[in-house]
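Q: Spelled out, the chains give:
Number of protein chains: 2
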Amino acid sequence: MLRETVRGWHAQGQRVAVVPTMGALHGGHLSLVHEARARASRVIVTLFVNPKQFNNPADLAAYPRTEQADAARLQGQGADILYVPDGDTMYPPGFATSVSVEGLSDGLCGAARPGHFTGMATVVTKLFTQTAADIALFGEKDFQQLRIVQRLARDLDLPIDVIGCTTVREPDGLALSSRNARLSPTARQQAPALYAALQTAAAAIERGEAVQVALNAAASTILASGYDSIDYLELRAADDLAPLAAATRPARLLVAAWLNGVRLIDNVPVHAESPNLDGVISMTSPT
Amino acid sequence: MLRETVRGWHAQGQRVAVVPTMGALHGGHLSLVHEARARASRVIVTLFVNPKQFNNPADLAAYPRTEQADAARLQGQGADILYVPDGDTMYPPGFATSVSVEGLSDGLCGAARPGHFTGMATVVTKLFTQTAADIALFGEKDFQQLRIVQRLARDLDLPIDVIGCTTVREPDGLALSSRNARLSPTARQQAPALYAALQTAAAAIERGEAVQVALNAAASTILASGYDSIDYLELRAADDLAPLAAATRPARLLVAAWLNGVRLIDNVPVHAESPNLDGVISMTSPT
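Order-wise, the sequence lines are chains U and H. Quick note on the numbering used here: the first sequence kicks off at 267 and runs consecutively. Quick note on the numbering used here: the second sequence kicks off at 267 and runs consecutively.
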């Protein structure tokens, strides 16, 4: 029983990390496992393709299931346990509970995928309580997901630290994703334009260009590069994901776009504009 | 810090119970504390008047706040800690998470009090994770609440046993409630008719009387006894609160009614009808 094992680890003073995944493990997941290993003495990788976070049955059916390959892939990477709960363990008969995070779940991926974040938040809450881990690692690629999970952990007083890790990319900049394998060779060549456009726009905004101008240019570039449509391309506050008209505080530029029938997402940080020096106030010491 | 204290208790192998309350402690709460004491070595009583479970601001404002008296009342009753979190501890800035239980929260008190059970489920989840208790005790008087809490604890894999305790009553049968103090002397005399009517109806159903006939008679009695109106009076399955047209499985008869401007609730068990013997089948041993 997982909880007994973790109780034993805790009794020995060991810190336990969890890396929740839906399988189809790639280098991004492995980097989370390595980071987990660096921060904890024990690492649990969970693998559960959560039906409740797929609003689209076709998307769920198309989701790759490669459990044997995933287990092989984890060999020697530093994970102690690969935890693969079955559907009845996660959703026993009569299951009726859901965890929702308001505000953070609205817009961005929440707009295109109704119910997705409630399904995700519910299953992540369960994985946190099932594993009793002390820290959890999530990739920044799913930035909205990361913020939702951090919020719910704090709000529900779950005794776990949720840590975001830098997105791992192909040499050409494309963010690693299990969906990349569904791209045709041509589309795979076009795909990195998404990240390139984000970088260009972020740099422009940091230089003081108007946000809407930078976003319009990025959208044009993305569509000209072969993408079929853009679900969203928005500047949001990095902490609470509030929509921003200007980078007045640390921000994130986030995008979701369709290429070759595949929905890809990505995001980059945008540093806050340095305020201009408005004037100089001279002070003498108080008398 | 509460969690450190509980961690110390757990390290010594002690079992920890929690009794969540909204204060205004009466004999019903004290009986939960006594039961907790009998089942665990440590007992935490929580006191938090949860704004999120009041759909009506007037009801929240009218809710008695008697923290000093509550603390005095708990002396010598077997509680180790009275935990009184403030609003910011329960709902820090940016709080956005809610826990909902579908189905069980529909109807009965859920119909008259929109949002009540989500507010309750959210705060109870937090109290469970904050206290890290091994068992929790709830009165059967709030029967729908008890079933919702049991369901969410199981569904979210919270490592806590949720135990329902028999409703404590005045000698005349009225279920103990902080709301009873708001009844006029006359209304207080009339109030026990609610429980009496439930008992009569439950006995009639167990004898085989048609459920609707028994409920109609109970409703007439309640209204004739001085109650102004009935929010609901229903037979439900004892486990999943499914509406029942007949007591074909263990059931519960539940009521909410208004008396003298005060909403009172109560419920009683209804045992399943014994099936009638339809005939006799004689068997010889198989050859």
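Source of the hints: derived by calculation from the structure; they are not laboratory data. Don't take each hint at face value.
Since the list gives no way to pick one copy over another, a pair counts as held whenever it fits inside one copy or between any two copies.
Unchecked claim - With a straight-line Cα cutoff of 20 Å, these simulated EDC-like cross-link-like pairs (lysine to aspartate or glutamate) come out: (1) K318 x D423; (2) K318 x D354; (3) K318 x D352; (4) K318 x E270; (5) K318 x E368; (6) K318 x D408; (7) K318 x D505; (8) K318 x E475; (9) K318 x D346; (10) K318 x D494; (11) K318 x E500; (12) K318 x D427; (13) K318 x E436; (14) K318 x D400; (15) K318 x E301; (16) K318 x E472.
In this text, all values refer to a predicted model and were calculated from it rather than measured experimentally.
Q: Taking the hints in turn, state whether each one holds.
A: These are the hints, each one checked on the structure:
For the homomeric pair K318 and D423, the shortest alpha-carbon distance between copies (17 Å) is at most 20 Å, but the shortest distance inside one copy (23 Å) is not. Proximity of K318 to D354 under the C-alpha cut-off of 20 Å is restricted to the intra-copy arrangement: shortest distance 13 Å within a copy versus 32 Å between copies. For the identical chains of this complex, K318 and D352 are intra-copy neighbours only, at 14 Å inside a copy versus 34 Å across copies, given an alpha-carbon limit of 20 Å. In the homo-oligomer, the alpha carbons of K318 and E270 never lie at most 20 Å apart, since the shortest distance is 27 Å inside one protomer and 35 Å across protomers.
Taking CA atoms no more than 20 Å apart as the test, K318 paired with E368 passes in both settings, with 17 Å inside one copy and 14 Å between copies. In this homomeric assembly, K318 and D408 come within 20 Å of each other (Cα to Cα) only inside a single copy, at 17 Å, whereas the closest approach across copies is 30 Å. With identical chains, the CA atoms of K318 and D505 are never at most 20 Å apart, being 26 Å at best within one copy and 25 Å at best between copies. With identical chains, the CA atoms of K318 and E475 are never at most 20 Å apart, being 41 Å at best within one copy and 43 Å at best between copies.
For the identical chains of this complex, K318 and D346 are neighbours neither inside a copy (27 Å) nor across copies (41 Å), given an alpha-carbon limit of 20 Å. In this homomeric assembly, K318 and D494 never come within 20 Å of each other (Cα to Cα): the closest approach is 27 Å inside a single copy and 44 Å across copies. Within a single copy, K318 and E500 get their C-alpha atoms no closer than 26 Å, and across copies no closer than 32 Å, so neither meets the 20 Å cut-off. In this assembly of identical chains, K318 and D427 lie within 20 Å of each other by CA distance neither inside one copy nor across copies; the values are 24 Å within and 26 Å between.
Taking the shortest alpha-carbon separations for K318 and E436, neither the intra-copy value of 30 Å nor the inter-copy value of 47 Å comes in at or below 20 Å. For the identical chains of this complex, K318 and D400 are neighbours neither inside a copy (25 Å) nor across copies (29 Å), given an alpha-carbon limit of 20 Å. Taking the shortest Cα distances, K318 and E301 never come within 20 Å of each other, neither inside one copy (28 Å) nor across copies (38 Å). Taking identical chains as interchangeable, the C-alpha atoms of K318 and E472 are never at most 20 Å apart, the minima being 38 Å within one chain and 41 Å between chains.
Of the numbered hints given earlier, the model fails hints 4, 7, 8, 9, 10, 11, 12, 13, 14, 15, 16; all others are met.
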